[in-house]
Structures are given as C-alpha cells and as structure tokens.
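Chemist: Heads up: the protein sequence lines correspond to chains A and B, in order. Mapping of the first sequence onto UniProt numbering: residues 1 to 332, in sequence order. Mapping of the second sequence onto UniProt numbering: residues 1 to 332, in sequence order.
Since the hints were made in silico from the structure, they are not lab data. There could be a bad hint or two in this list.
When chains are identical, the list treats them as one kind, so a pair holds in a single copy or across two.
BS3-like, lysine-lysine: derived pairs with alpha carbons at most 30 Å apart [said to hold, decoys possible]:
no.	residue 1	residue 2
1	Lys253	Lys263
2	Lys95	Lys190
3	Lys123	Lys251
4	Lys274	Lys251
5	Lys263	Lys52
6	Lys190	Lys83
7	Lys81	Lys190
8	Lys253	Lys137
9	Lys190	Lys123
10	Lys82	Lys196
11	Lys274	Lys137
12	Lys190	Lys305
13	Lys270	Lys251
14	Lys323	Lys23
15	Lys137	Lys305
16	Lys196	Lys81
17	Lys305	Lys270
18	Lys305	Lys6
19	Lys6	Lys95
20	Lys123	Lys331
Quick caveat, the model's predicted, so the values are computed rather than measured.
Residues per chain are reported as follows:
There are 2 protein chains.
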Amino acid sequence: MQDLVKVVVDAMGGDNAPEEIVKGAVEAVNRQEDIFVYLTGRKADIEGELRKYTFPKERVEIVHAEEVIETAEPPVMAIRKKKDSSIVVGMNMVKRGEADAFVSSGSSGAILVGGQLIVGRIKGIERPPLAPLIPTKDGVALLIDCGANVDARPSHLVQFAKMGSVYMEHVVGVKNPRVGIVNIGAEEEKGNALVKETFPLLKECGDINFIGSVEARDIPAGVCDVIVCEAFVGNVILKLYEGVGATLIHKVKEGMLGSLRSKIGALLVKPALKETLKSFDASQYGGAPLLGLNGLVVKSHGSSKALEIKNSIVQCVQFKQQKINEKIKEKM
Amino acid sequence: MQDLVKVVVDAMGGDNAPEEIVKGAVEAVNRQEDIFVYLTGRKADIEGELRKYTFPKERVEIVHAEEVIETAEPPVMAIRKKKDSSIVVGMNMVKRGEADAFVSSGSSGAILVGGQLIVGRIKGIERPPLAPLIPTKDGVALLIDCGANVDARPSHLVQFAKMGSVYMEHVVGVKNPRVGIVNIGAEEEKGNALVKETFPLLKECGDINFIGSVEARDIPAGVCDVIVCEAFVGNVILKLYEGVGATLIHKVKEGMLGSLRSKIGALLVKPALKETLKSFDASQYGGAPLLGLNGLVVKSHGSSKALEIKNSIVQCVQFKQQKINEKIKEKM
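Here chain A stands alone, though its shape is the one from the complex (with noise of 0.2 Å):
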C-alpha cells in the first residue's frame, strides 16, 4: 500500500472560504487515493460545507481552531496571538510531523511569516522563497522569489537558484531546467549591484544549467525555466503579468464589441478565444510553494476556487513523493 500524503487545508482562508476550500479538497481525495486531508477552521462550518458531497471518509478530518487570521493583520501579531487560528494550527501540525504540507489561500503575510517562525527553514537555508509558476507561450515557468524577502542578498539568490531548478526538475518535470537572473540587460556587466554581484556566483555554481541574464520582454516567451529575481522585483512581475492581461483582454472584447461585423466574428471566435486565455492564466496552476521550510507549505491566490485548491493539494503530492527537502538539503 501507498504512503498517504496527509495535505492541512486552510478552510478559513481567502475569498472563497469555506465553500470553495471544501470542495477542492474534496475533489483532491476523490481524484487521487494517495491523499489525506486535514481541514483546519471552525468545525460546524467545515461540517455544513463537506455534507454537500460524496467522498472517502477515511480521508478527511477536520481539525478545529477556533480563529481567522484576517488578511489586514500585522503578520508577525497575527502569527504569535492567535494560537487558536486555522494558520496557526496548521502549521503546526505540519512542525510535528502529523502532516506534510500545508495549503491557505489566507493572508500572505501571515503565511510567509508562519512559514519561518511556526514550521521553521531547513538548516542551511537563510530565506524561505515564494515560488509561483507563471505562464509562458509553450509552458510555465517558475518565478523565484515572489514576496516573501524583499532587500534579498546575492547568497539568497543563489539558494534561490538551487532550489528552483530542484522544484522545476522534480515536481514540474523539466529536464535540466534552465535558470535566468531577472536583468535589464543581457549582458554581464549591465544590472544593479545586486545582480551584478549574484551573477559570478551563479557562473560558478556547478549544480544548476545558468543561461545568464533575462530581460522581462522575454520572460512571457519561455527563454528560462527557473526566474530569479529578488522578492520586490518577482511581485512586480507576477502583478503585472495579471495586470497586463487583464485589461488587453477587456480591451480586445471591448475592440470586438465596436462594429456589427465584429460582433458576428466574437460569437464565433469565443470558445477558441476562452481557452486560449485560459492556458495564460497564472491562477490555474495552484499555489506557489514557500521553498526551504521543514515541510512544505503551499500559498494560494487569495481569490483561489476549488479547481485551484485541488491542484494546490494535488501539487503536495509529488512534492513529498520526489522527496523535494532531502533533494534541497543535499544542494545546500
């Protein structure tokens, strides 16, 4: 018999919360044998929620806590006072060892600051990166780190850089993944002192595929696998990539609403056109992991529906099962 993947879900976190978070966990365990779901919140309205579906029992609980940590708190607060908060709890479960992974579309703050201080970084690491994956014109890449270290120092970047090309590698699936440092420039000597002091390190490192610098324009055509980039820099670029996207496609229906002739073309071109923008939202790939903590823990978009949060729970899965921590430790 398999191992189980024992997943704590945050059913207190985000937009949608409980109604979506429930559900997704439950097509987690309906989807995939190999998968255990503890559900952390306020148990009569994780109860009232599970009671709409069918599933295997035997794989779900529900763990209490009593508090939600609002998304407007002081992180650092939020984290030491409320004990009894759905974060708190879960985290600490997977700190004992009683889970391995963490899932919340709760407060990122609370979620990065948690992550450090509750379940604790692998020895060795000095800063735990968020780690989304963004989409590109043929696939995805991983955008590291995205918020959660901002002022990062070239050493952090070069952890970045490792456990990036782990992540692609092992949980993705991308051969020899190529990683590129977030640039204005393609050349060496072109940067801020930052980059112009990471990149050396990055040349030296024997265990990654560095290509060098990337400039933004080509982040969306695939040129790398693996981004880094310092956390302010990473944030801009994932918000911008929604940014950016939203409003070409609010303009592009706005454009094909203009005339009679293009209206006719809209109706027709609508299903090909919904799927496409589809595969370019960044939101259909789960959560981004929080890289380098003693366990893993797994922040979804704040606005995340059930598909979003099964495949944050179903991404826990390969996580463990390609043993991703002892890969990350053996690189440290």
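We have chain A already, so just place chain B on it with the hints.
Modeler: Structure of chain B alone, referenced to chain A:
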C-alpha cells in the same frame, strides 16, 4: 511669426536608420510649420534619403558626422572617444543652445551617458530619469524612471515625482496628475527599504498629487498618471508590458486559428482587433524624454519607424512651448 523649435535628429541611430528616421523627420516638418530639423550623420546617406521626399528645404539641414556609436559599445567610452558621432555632434548642438532638443533611436546607454556628460543636468537635479509613456486601459501613464539610474536613493525618486508631474500636466495635458509609487502592497508600511524611505517624503510634497502605493497589477488599469519607481523596476515594468502583450496576442491569434468556426470569426474581428492592439502598443507614443537636462533629449525605441520618429519630434514642440525645463527648475 512663431519661434521655430529646433530638433536635432540622429539619422544613424536605431534598427531602421537612416531610412525611417529621415522619413519621420520629413513628416514632422511637413506636418508643423514651427519645426526645424537638423539631421546628424553621414551626409551622403542622409541626402540619398531626403531625395525621395518633398519638404520645405529651409527647415531641414544636414549636419555631417562621420562616426556611428553602435549599440554594443560601452557607452562612456563611446561618448568620450567618438567625438564625430551623430549622437555626440547632436548633443553638443543642444548644449551650445543651437538646438532645443535631440532625438535618437540609437544606443540607450550612450544617450543616457551623453545626456549627463554633454548636455548636462539642470542645477539641483541629482539624476535625470528616462520617462516613457505606457498605455493604460483608457489612456497613458508616465513611467519614471525606466533605465537611467539603477539603485536610486529616496531623494532621486522625489525629484522623479516632481518632474513627472510637470511633464504629465503640461506636455500630456493631464490636470493635477495622480502620482503613485510602485510597491508590493497598498499599505504604507509595505515595501523594500527604498520605498519605505521614499513614501513619507512623497507624502510631504505639497506640489504633487501623491496618491500612495500602486501595485503593478493596477498599473495597466490606469490607477495613476505618474508611476514613480527605481530604474531596475521601471525597466522590468516596461519590458514586461511588451513581453506579456506580445505573447498574449500570439496566443490569441494561434487560438483563433484552431478551428474552422473560429477561423471565420477571426477574419471578421481582425480589423477591430488590430485597432485595439495598436492602442495598447507603447511604441506609438514616440520616444521617452530624459528629464532634468539643460535641453531635451528624447530616446525613441530602437525599432522605431517613421511614425514614432515623427511623434518624438512633435513632442519636443510642446516641451519647449510649455517651458517644461523652466517649470522643473521652479520645483527644485
């Protein structure tokens, strides 16, 4: 009689030099009687191009320059050594007051370095920012700074905010332009060290309309008119705008050709789509001014065609007539 606005145009700079550059210059003088153009570069080449067109000969003059600065050359060295290059010759004319502005699609590095070393900064300006207009949902916004000065200090960003406000109000015509600082969250306590230090300084500025932090996600939606950021981040924003747009358009087109039904639809929506996408193309706005210099230097895209060159030249008229540099001096 109205004063002529004298613009030096680098006829040798960019991917489409000299053909498109000369063509754009001719279109500018044919469009507006108040424009005088000097074309710097190899006389024979420029004459050959000019022969193709009809235009008022008394408002176009060739200034021969034997050398050309290539994009790959180290900028400081190129500006110092190639005294007879189209860039150095043109910038010296602005410095000596023989011309009001210099427009080039050539090496960004050389233009930025030349602007500072040859044209020189307005007294009090610490760093001259490069400030392109980028498209938003219903208009444009000024992205300042975008490539001139990486690792900027808070005082630089405050100057960018002031100069950008003057430009948006008096060149683009936006009353009381909203100024935002690029950040990774909307709250004042968020951000990296630079943003945290700059935020209160911007809040104190009585002469700008500071609206606080803007997240990259909201930039394309047009939440502010002047987008203040450090050059590395600005460069990432500008390039990613291009990259996401290009990839998304590629995918939309590809998606529409996937079935017969959508192929027919694609034919019908094509004209409307083309119009829409044009309105979201950053290059249509002509070049980006390098602000804060004793004169105006405009960097247009390396791939500029006649239209962008013409727009870059026309933009110089507004800049001079609105006395932008005098207004900037008053704010320092």
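Chemist: Quick check: which numbered hints come out false for this structure?
Modeler: Those not satisfied are hints 3, 5.
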